[in-house]
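First to last, the protein sequences are chains F and W. The opening residue of the first sequence carries number 1 in the working numbering; numbering runs sequentially from there. The opening residue of the second sequence carries number 1 in the working numbering; numbering runs sequentially from there.
There could be a bad hint or two in this list.
Stated by the list, open to error - EDC-like, lysine to aspartate or glutamate: derived pairs with alpha carbons at most 20 Å apart: (1) K7(F) / E108(F); (2) K105(F) / E510(W); (3) K524(W) / D79(W); (4) K489(W) / E122(F); (5) K107(F) / E118(W).
Hints are computed from structural coordinates only; laboratory data are not their basis.
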Amino acid sequence: MPDTNIKMKMVIATLGLEVHWRGAVTVARLLRDCGVEVVFIGNAYPDEIIQVAMQEGADIVGVSSLTGGHLILGSELMEVASQKGIKDNVVFVIGGIFPPGDLPKLKEAGFDGTFGPEANGEVIYTFIKKAVSLKQKELPDI
Amino acid sequence: MDDDKTTKQILDEQATAQRCASLYNPDFLKELHNSFEKWQNTAITEVEKASLKTIPHSLLGTEIPRGLFYSPQDVSKIDYAKDIGFPGGEPYTRGIHPNMYRGREFTMRQLSGFAGPEDTNERINFLLDHGATGVNIIFDLPTIQEYDSDNRMARGQVGKGGVAIDSVEDMELLFKGVPIDKISVSLVTHYPTNTAILFAMYLVMAERRGIAWEKLRGSVQNDMVVEEVVRGAPEYIPPPECFRIQCDNIAFIRTNIPGWNCITFNGYNLREAGTSEVTETAVAMANAIETIKELVARGYSADWIAERITFFWDVANDFFVEIARLRAARRLWYKIMKHRFGAKSSRAMLMRCHTQTSGLCLAREEPLNNIVRAAYHALAAVLGGAQSLHVDSYDEAYSVPTEAASLLSLRTQQIIQEESAVTEVVDPLGGSFYIESLTDEIERKILDAVNEVEEMGGLVTAIEKGWLHRKITDYTLRENELIEKATIKIVGRNCYKASAEDIPEIDIFEYAQDTEEKQRQKLKKLRAERDNNIVVKRLAELREACKQRQNIFPYCLEAARANATEGEIAGIFRESFGLWKPPNFW
């Protein structure tokens with residue numbers, strides 16, 4: 001599964017006051033084992049997450065939410081990303097527990113991918129690899 | 001009590017000193033051994049022989065090897081009186097009451113908590129009207145993490161996953177019309193710091209309703225493992241301070257509210273974060289040992305404290321292991337109290353417990369399957385002799401349960417209680433070669449794990465060093481690998497996969513949209529109408545108590561009486577104790 005030809009950097013955070021960290025840490029370790037350079041920052045709010053993503057030059061931002069904060073804080077994250085101009089060249093994914101009706105809303109807010117508890121490391125890795133290469137193609141030539 | 005020795009050393013010495021009268025005579029065992037050999041050589045093939053022991057893999061399990069079947073050979077060392085005994089008598093393996101469920105049914109206590117206190121109040125009354133026999137309250141993220149609903153950090157999360165409580169006024173709305181002098185109430189406060197605040201608010205609420213504290217029955221959690229390890233948070237106080245508050249709460253509650261369980265050692269949430277039933281039980285017991293030692297050092301009697309402590313266990317997939325674990329935990333706790341702490345009171349030796357079916361074992365795919373999973377978990381809890389039970393709802397893999405799903409969980413309990421007849425006989429599986437052998441093995445493993453913690457210098461030290469964080473992470477990663485390889489099977493996910501898109505046709509709970517705004521308005525009014533000078537004074541007194549190392553609980557109580565908010569009180573803790581950064585563990 002690891003693909004050393006593609007270097008990817010990802011910032012992972014648990015969103016806001018979310019208490020559950022098992023999922024975020026598991027994904028962080030799995031992706032690190034796939035060769036992704038992971039910056040795990042624990043609990044954080046949109047401003048901080050975007051700031052870290054910019055400082056680190058992240059290709060991907062992944063956030064985790066299980067207890068219902070996903071819509072409001074998730075949308076805020078995407079708004080901040082948009083304001084700071086990184087929405088279109090960074091891949092944004094969110095994982096956790098969401099009512100099925102909220103999945104289209106998260107996509108609408110701007111998330112490139114949403115993952116439930118059933119998503120395994122390979123599914124997530126394959127997704128972000130493809131998403132990163134697609135987003136990079138969208139970047140204008142300098 | 002001998003502090004130089006570990007609990008395991010003390011219990012091992014006891015075991016060697018005691019006689020052991022096997023149920024079987026040596027000649028019989030010899031004959032049995034011979035006929036077993038003969039059976040092995042004739043009845044089964046070489047291939048079958050090689051697989052006589054297997055290792056089952058299950059979610060949140062321990063991988064205890066299992067024989068093909070069990071016989072007197074596996075329990076030949078068991079002394080009936082010493083190891084099993086009679087129900088309600090030492091060593092309490094069979095149960096804490098002589099007549100168990102014939103005398104007292106298990107308490108049917110379904111968790112409730114969502115949106116504002118007014119909304120959750122309706123759910124509490126709905127469940128009580130439908131035969132629930134206890135109340136169980138879960139708080140929303142900001143309340144659990146101790147930020148007021150109008151704090152910017154709470155935005156988007158108010159009323160999510162639990163009920164929003166900011167002040168005594170909210171506590172009054174939450175319990176409006178609920179007969180708290182007659183029914184027992186479990187407040188799932190999780191952390192020592194929010195126990196000091198939320199339970200203080202509960203006591204003030206009772207006062208304002210004219211209900212004497214002596215009449216209150218119920219429990220708080222108050223467990224530092226949940227605060228420092230199980231949860232993720234933007235801010236933590238250091239583990240030694242958290243442990244100190246845990247003990248402060250116990251000392252105050254035990255002294256002033258005699259019918260209240262002052263701590264619930266919470267294995268459940270640790271297990272769900274990712275560990276086995278052995279670690280779950282061992283960490284809770286290591287915490288209990290350290291807590292009682294600390295309170296003894298503060299001058300309290302171990303017996304008196306232990307009479308009012310309880311445990312909270314997860315019941316997951318490995319059916320017989322879960323039953324055996326409850327039996328093992330009862331016997332081990334009895335031994336710890338009797339031999340490590342020299343307890344005299346029989347109540348102090350009882351491992352009383354609340355149990356909850358495993359949420360982690362629920363799957364999103366084909367959610368109705370979760371009804372079956374939770375029913376098996378619940379049955380295991382009852383066969384294991386639990387005092388109180390919550391059954392998870394099938395829709396919890398998506399959101400908090402709907403009213404209909406909550407009712408179904410309650411009905412699951414009632415069907416076990418009223419229809420299955422499993423409660424008629426005490427410890428119905430006791431004496432099974434398999435169950436007794438598993439009970440022994442699990443007890444040994446738990447004690448070994450307690451020993452590991454004690455040899456590291458105790459639980460607070462183990463937490464500071466990141467041992468427990470790493471243990472959970474390592475366990476979870478390995479478990480994840482086993483799920484991906486389908487070694488651990490999840491029906492509908494990695495075997496017998498659901499064919500259609502896994503969008504279920506079930507109703508999903510929808511949150512009210514206006515909870516955050518309503519809470520903000522209430523807070524605005526509260527801050528405008530209360531006497532803010534008194535609030536400032538009470539908070540200053542609390543700050544001083546934190547510094548002077550006085551018991552903080554009475555000061556939290558005074559702050560609650562003055563209508564200080566949860567966030568204001570918690571702010572004093574953060575300011576006085578400083579913040580702790582958990583070790584890097586991933």
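Going down the list of hints, with the structure as the test:
no., hint, in the structure
1, K7(F) / E108(F), "violated, 28 Å"
2, K105(F) / E510(W), "holds, 14 Å"
3, K524(W) / D79(W), "violated, 66 Å"
4, K489(W) / E122(F), "holds, 18 Å"
5, K107(F) / E118(W), "violated, 33 Å"
The structure does not agree with the numbered hints 1, 3 and 5 stated previously, though it agrees with the rest.
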